[in-house]
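Here the protein sequences line up with chains A, B, C, D, E, F, G and H, keeping their order.
Heads up: the first sequence runs through residues 1 to 249, numbered per our numbering.
Heads up: the second sequence runs through residues 250 to 498, numbered per our numbering.
Heads up: the third sequence runs through residues 499 to 747, numbered per our numbering.
Heads up: the fourth sequence runs through residues 748 to 996, numbered per our numbering.
Heads up: the fifth sequence runs through residues 997 to 1245, numbered per our numbering.
Heads up: the sixth sequence runs through residues 1246 to 1494, numbered per our numbering.
Heads up: the seventh sequence runs through residues 1495 to 1743, numbered per our numbering.
Heads up: the eighth sequence runs through residues 1744 to 1992, numbered per our numbering.
Since the hints were made in silico from the structure, they are not lab data.
Please read these numbers as outputs of a predicted model, since none were measured by experiment.
Keep in mind that a hint or two might mislead.
Below, simulated EDC-like cross-link-like pairs (lysine to aspartate or glutamate); rule was C-alpha separation at most 20 Å, straight line [as the list claims (entries may be wrong)]: (1) K1163/E <-> D532/C; (2) K1911/H <-> D283/B; (3) K1356/F <-> E1416/F; (4) K1115/E <-> D1689/G; (5) K1321/F <-> E1278/F; (6) K665/C <-> D34/A; (7) K641/C <-> D942/D; (8) K1164/E <-> D532/C; (9) K915/D <-> D1528/G; (10) K1590/G <-> D1606/G; (11) K1413/F <-> E1029/E.
Number of protein chains: 8
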Amino acid sequence: MNETTLKSILNSVARGETSIENALQTLKHLSVEDIGYAHIDHHRSLRKGFPEVIFGQNKSVDQIIGIMERMNQWEKIILVTRIDPDKAATVISRFKDAEYHDDAQMIYLAKDTIPVTGKGTILIISAGTSDIPVAKEAFLTAKAMGNDVETVFDVGVAGIHRLFSHKKMIESASVLIVVAGMEGALPSVVAGLVDRPVIAVPTSVGYGSSFGGLTALLSMLNSCSSNIAVVNIDNGFGAGYMAAMINRV
Amino acid sequence: MNETTLKSILNSVARGETSIENALQTLKHLSVEDIGYAHIDHHRSLRKGFPEVIFGQNKSVDQIIGIMERMNQWEKIILVTRIDPDKAATVISRFKDAEYHDDAQMIYLAKDTIPVTGKGTILIISAGTSDIPVAKEAFLTAKAMGNDVETVFDVGVAGIHRLFSHKKMIESASVLIVVAGMEGALPSVVAGLVDRPVIAVPTSVGYGSSFGGLTALLSMLNSCSSNIAVVNIDNGFGAGYMAAMINRV
Amino acid sequence: MNETTLKSILNSVARGETSIENALQTLKHLSVEDIGYAHIDHHRSLRKGFPEVIFGQNKSVDQIIGIMERMNQWEKIILVTRIDPDKAATVISRFKDAEYHDDAQMIYLAKDTIPVTGKGTILIISAGTSDIPVAKEAFLTAKAMGNDVETVFDVGVAGIHRLFSHKKMIESASVLIVVAGMEGALPSVVAGLVDRPVIAVPTSVGYGSSFGGLTALLSMLNSCSSNIAVVNIDNGFGAGYMAAMINRV
Amino acid sequence: MNETTLKSILNSVARGETSIENALQTLKHLSVEDIGYAHIDHHRSLRKGFPEVIFGQNKSVDQIIGIMERMNQWEKIILVTRIDPDKAATVISRFKDAEYHDDAQMIYLAKDTIPVTGKGTILIISAGTSDIPVAKEAFLTAKAMGNDVETVFDVGVAGIHRLFSHKKMIESASVLIVVAGMEGALPSVVAGLVDRPVIAVPTSVGYGSSFGGLTALLSMLNSCSSNIAVVNIDNGFGAGYMAAMINRV
Amino acid sequence: MNETTLKSILNSVARGETSIENALQTLKHLSVEDIGYAHIDHHRSLRKGFPEVIFGQNKSVDQIIGIMERMNQWEKIILVTRIDPDKAATVISRFKDAEYHDDAQMIYLAKDTIPVTGKGTILIISAGTSDIPVAKEAFLTAKAMGNDVETVFDVGVAGIHRLFSHKKMIESASVLIVVAGMEGALPSVVAGLVDRPVIAVPTSVGYGSSFGGLTALLSMLNSCSSNIAVVNIDNGFGAGYMAAMINRV
Amino acid sequence: MNETTLKSILNSVARGETSIENALQTLKHLSVEDIGYAHIDHHRSLRKGFPEVIFGQNKSVDQIIGIMERMNQWEKIILVTRIDPDKAATVISRFKDAEYHDDAQMIYLAKDTIPVTGKGTILIISAGTSDIPVAKEAFLTAKAMGNDVETVFDVGVAGIHRLFSHKKMIESASVLIVVAGMEGALPSVVAGLVDRPVIAVPTSVGYGSSFGGLTALLSMLNSCSSNIAVVNIDNGFGAGYMAAMINRV
Amino acid sequence: MNETTLKSILNSVARGETSIENALQTLKHLSVEDIGYAHIDHHRSLRKGFPEVIFGQNKSVDQIIGIMERMNQWEKIILVTRIDPDKAATVISRFKDAEYHDDAQMIYLAKDTIPVTGKGTILIISAGTSDIPVAKEAFLTAKAMGNDVETVFDVGVAGIHRLFSHKKMIESASVLIVVAGMEGALPSVVAGLVDRPVIAVPTSVGYGSSFGGLTALLSMLNSCSSNIAVVNIDNGFGAGYMAAMINRV
Amino acid sequence: MNETTLKSILNSVARGETSIENALQTLKHLSVEDIGYAHIDHHRSLRKGFPEVIFGQNKSVDQIIGIMERMNQWEKIILVTRIDPDKAATVISRFKDAEYHDDAQMIYLAKDTIPVTGKGTILIISAGTSDIPVAKEAFLTAKAMGNDVETVFDVGVAGIHRLFSHKKMIESASVLIVVAGMEGALPSVVAGLVDRPVIAVPTSVGYGSSFGGLTALLSMLNSCSSNIAVVNIDNGFGAGYMAAMINRV
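I would like the entire structure built from these sequences, with the hints used as guidance.
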């Protein structure tokens, strides 16, 4: 429930089109709705400018559908992250407008076109082809939150000239998300080139002593560049969300 | 060397006050000056809007002084981080305007008052009294980069009402830095209250299984709030720098 | 074998209804029964007020059934933890009264209704919907041990007002179990609100640097609240057991 | 500020002995007092039945004294933990009634004899002589919170008969704290003997792969006994606090 | 190839029953036979009193059969460890006398009854039912190496009286193998009771912070009893082998 | 695209056989070709003497084929590493000359016989039979890069005389690759015997506290021999590549 | 108190030289003596053939002296391990016959020459000069327990021929202790040469990724030789004790 | 003892200038000299082309001097690594020609100028000023082994243009050593630019989650560039040694 929805209810009451009884009924669910297995935070769109996002992993299909049904009454956009194709197929069959992005393992349900409200462009860079699914999760999230988003994929440090060939795009972005697995060196290099905030996303791409992304994570946390902050391994969603927050400041 | 200094050299040449010979001599150091033990990146103020910051740990007093002397010719502000009181005493005796902040273990050399150029207010919150030194490092860095900065200390989650008593200040900040050791829970709670980017800084405050800040670090990386990104343990400097970058977007 | 069963045997002997021969035969198994692959501790109900609980993981169906058959002769309640649905189906088909709770992955065999003997109410709080299975394991265990148990699910710190809407229930509990994955911050916040013992249960919910629950575990061990003690990752059973012990003190 | 203090202020107002002006002045500090480097939680004694305890590590002598001075106006008991002898000497010279326990590294300031309000006896057992300092921290904390506390030291599993010689004391305790370093096996054995809650405290006693207490911590978290919950390494204070909470249930 | 086989070849030559040509052909394989994917160490039975044991994990069925065929010409006993049922079925179909023990995941091929040559009795104790597979691997290995071996299973420290009921057997063993998962406390307790060497075997039984047996391993390495040495997690084979070596000293 | 290809294009232009238009078209892809999901670094063969190698893990079959198609226009040799048999079957059906080595999980596409350009012999030694797949990956890589390569398998330190029987081959190699899992001791021993560089490759062969190769990795990094450097766990490819680089120095 | 002492008391009573009163007084301390900070296990010499050994680390000088004074009444040999030179100086000044070995950091108090009761020779091998202190601790312990002990120092795998020059001594030992830091490879090589039990002792010698001996420890636990068992890092005492136990079997 | 020394002894015997008796006396120490606390490997210069290097850490001054005295009779160059200034002062006072390099913490004793025998130039690059001590250790080692060595310091990835300004030197080196702490990204970038082997040296420079160099180590092991192999944290000596070996291939 964002401010627009709220205002329209109040206007409707003001105009006598909605009885106070009905409006009350509607608004009392506004803050937190307890449906047993979940406390849905309807107030979040008002407080944080974007509704709760459903973390699909470990939730049953029924739980996901149940939460979406409640949210669907109030929200214009619903995201479900970390949902595998099997569970997603059942879920999207229940909601028109819902689409599944299988690289990002994400359900995206938008009732209208989302207007661009972010100030500048968010640029998402991936070190390798294998990092693209995480980059896509960031892309979809930032898009859903009303931003212009651009992408450059597979420009890791083993051939640094690949990166430099996109220098203009890099220098004109207002926020950058850099996604990398293995040694996770790319965010340091990118951050050294710009005077903009860089969100570094380690991925679990690699093997052996990459330890499921731990190496990339540690590498990014210890960057010798200072305009970097880091999110969890494979957390494309968090990076996209944080970048959107920054792009509104 | 920031844009102002660069322009004044070029103007001086244009006006014939400086010979081309002299200007060349000056500018050829502009990019990178190799002094044997260091490559000073004079270009950084132009590229990133703020000069290189000297990481004091592991450097000798002579090395620090040597680097500062070269930077001092071009820059209006010089910061040295992670320098202990003994080394700092020798260093500041050599530079007028240099002052040492012993809680933050930082040297601060500003030739003029730094004008505020950041858009909103940066708020720095610490969970405990013991986290203040790291918070101070963030404070001094963000100040040096031209920001309005406010602080609230010792409002950790063991008594959450202490935090809520500062709700107004929290909601009006444009970027928040939250510093916490031990279980590192505070950034999650703060981020849940605002629609602004939160930079989380884990500290090494704690004992036993806090493992020198690792617990707080992991906790922050796994936050269930999404408007959070994390910097290295005790990296107040990086948090202040990142917040300043965001406050300019 | 609890005290009631023991007394009824002795009474039966006293009344001449059971020969000494038969009683001896019965009682000689009382302490420890060695069935080759297991030493069944029949004495435990006397010593600890609750019979041995069967840890299902790594045990074969035959082993579980074998142990249950021996216990079933003496005990009024039998619990099997960490048993997957396939193995459970075979097991419960052999024991009437046995029921399987598939969210908690637990078999529950109670011959009678269990009387409430615990003094106050045990409240179980989960941070997320995904933590419910662990919370359910705690719930069933505490119930089986004779306690009034209540639950509040999905009230994590990303929207702290969800927690506060249950303040009354929280303040009236005599023991609290708080279950959380990811950053594991909820127990610290809850413990800060009450003057009661809090059992913190980390769960393996999360990904990347949650490291299978390690992050939540470390976070809880380093809580800045002091009325907290912690059990193993996903150990809902242990938390329910410990809470029951406390509720009897 | 506990309930007694609060009542006496209100009575004084009721009797006209204190002006409303003065009472207001007094009470407005009641909730949280912000002294710059600390937010003192005066409300805690009301909310949790025991005042805030000062974590001495990483705090300066001046900060500790400053906090104690404010607390001293309202509280009957003040504890400072993890304070080394040098800092403690300065601090206790400023407060009559303050005494320093150098094995537990704790300052103890009690204005009156503390009445016993806990229901049963808390028994503290240590595995070795080297674990005594941690056990003492638990002892002093539980004492300060109004409990009968007994101790048995150096009865580790290498000579298990030493433990059994205290069987009576063990079986009559209402809550047990078991402190052990190295392999941390003692709490499992003790918990197997009783039907009471056991708080396990790992210590950093050991060397090599004891990893500063990590081994004992992990051992205790994985106990095959179920009536156990664990606190941080060397956290005698937390164990004493938790035991006191349990002893009141 | 043990000493008996070697002597019989030499005798055969001495008696003129075998030509020098043939004997040479035979003996030249004696030391090391290179079959491309393996260097078979035929000399090992002479040097170490027991032939090479085949580590089945990661080897293909063809490789295992190939190695066994060569060994089968010279050795009276062949063991294959860590071989799953599918691979084992194919392998044992090729060698008469070969039998598969599916709890221990081990192939055992003995041409004759193995005479007992070890001096005393090796006693194998397991903490739980779930630890039996590892205990069985130790059992089969020690048996194959010519020892009297006895077993006691499921006598962990949660009910320590179960252990004490076998005191006589424990005190009369010459070497003890103690197998335990979870907190791994049993070896410390057993070693405290005897003046004999104890081989401690940690198992991967457990969950959460047992970290696949790491906790039990660390626990055993830090035992406060001194007559303990430790082998790798789940390494029943190594424990049986080491015990056999000791039983011959 | 290596120097030969480049020269032939230029010659063709010089001879008027290719129009400048066409040559331009050809050469503009030379540096980096962006195909959306990948930036193909055609320049690499010129810069590094060997084309980019495709890391198959985490890439889809379509992505691998797409990249190979572009490379196939310019390169004489293409390698794909870490590709499982299913994906490989589809890929090699699309490229004649492509062959799949299923022990090394590698696709090898060479248009011509590769001439030997390396100076000396590269010797690859494996500690066990189970380490052969990693050794084979190194073998194929070094072969593809134009080297004489020899192998000795299964000569680990448990029977050190197996190694010594190959002393001549060991002493005559110019570079050695030593592959070992478990305790990873073999590279130290080999390096002690020669005055040549040794590339140590830890493998994930082992169980329990081998932690997926971490133990072997750490062991090799701490070698008391000095002519050793280490690559990632199971990184046969990197070892072969590095050895080839050394063999050209 | 060993059997000899016990018999002499009983004989003295039998001969009427000691009153029953006095003998009782003497014997009642025999089992466990509680001196507040320690439970002295006087029974241990009877049960385990060697008295309790005092772990000096973390104990105060007064505690060590107090324990020694009680033990001194009954025991013929007292060992204190891990005691630094300062504390040791005070302690040995109080006991004639006590001597301090500063390489092993051990106090050794033997009233008589210790007769050799072990069956064969214990051989202690160190990989480097830096490992000697740990080897010496093993040496003194095994000596004190009545064994012939020999030593070979600094024969690590970087020059394996140094080891082979002692082949005879190695092959004639009945138990071997092998002490190594860094990569910890030596025990595997030694164990491959003999058919005797090898106790492997990792040391903290090394730097960087030796992680205080963790690398050597893991290496030894994963040995491809099977006649190896491992003790804690730097635990020379435990190795000597275990070897002595084995040498008596 | 290198080949030259050996030949001169043999020539001297041939010419009758040395008696066979004396020559024998001399040569019998040649292989390994056992001086109790060390086995000096005089054979190493013959076998490996460079004498044993003394690891100073954990050795006493007397041990170092003792070893040097024996080596000094035969060798033309002696290195001692990881020796602190205090110990070094005593040592160098005993050997003329010995000099101490206090940045590298190394003693260097060369009787003559060392001739350059390496084929190309070894280039040592450091990421930061703080990494110079480790780089210097590599420098001195490679120099001592007869190589042309050049250095470029402080060209880390935060300002990547600093590196590119040395492109010519980088491309003309035959072997490169790249030294970096913190995120350890520099070796990946450098290796991407050249077709030469790169030895990566992680340093312990950094704080917090750099974990004493572990982050840099892991980062380098997971490099997406393939011409990289890694040595232990801070192991400048090993890097210099390995580079020298490569430069001779």
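>> Flag every earlier hint the structure violates by its number, smallest first.
In response: 3
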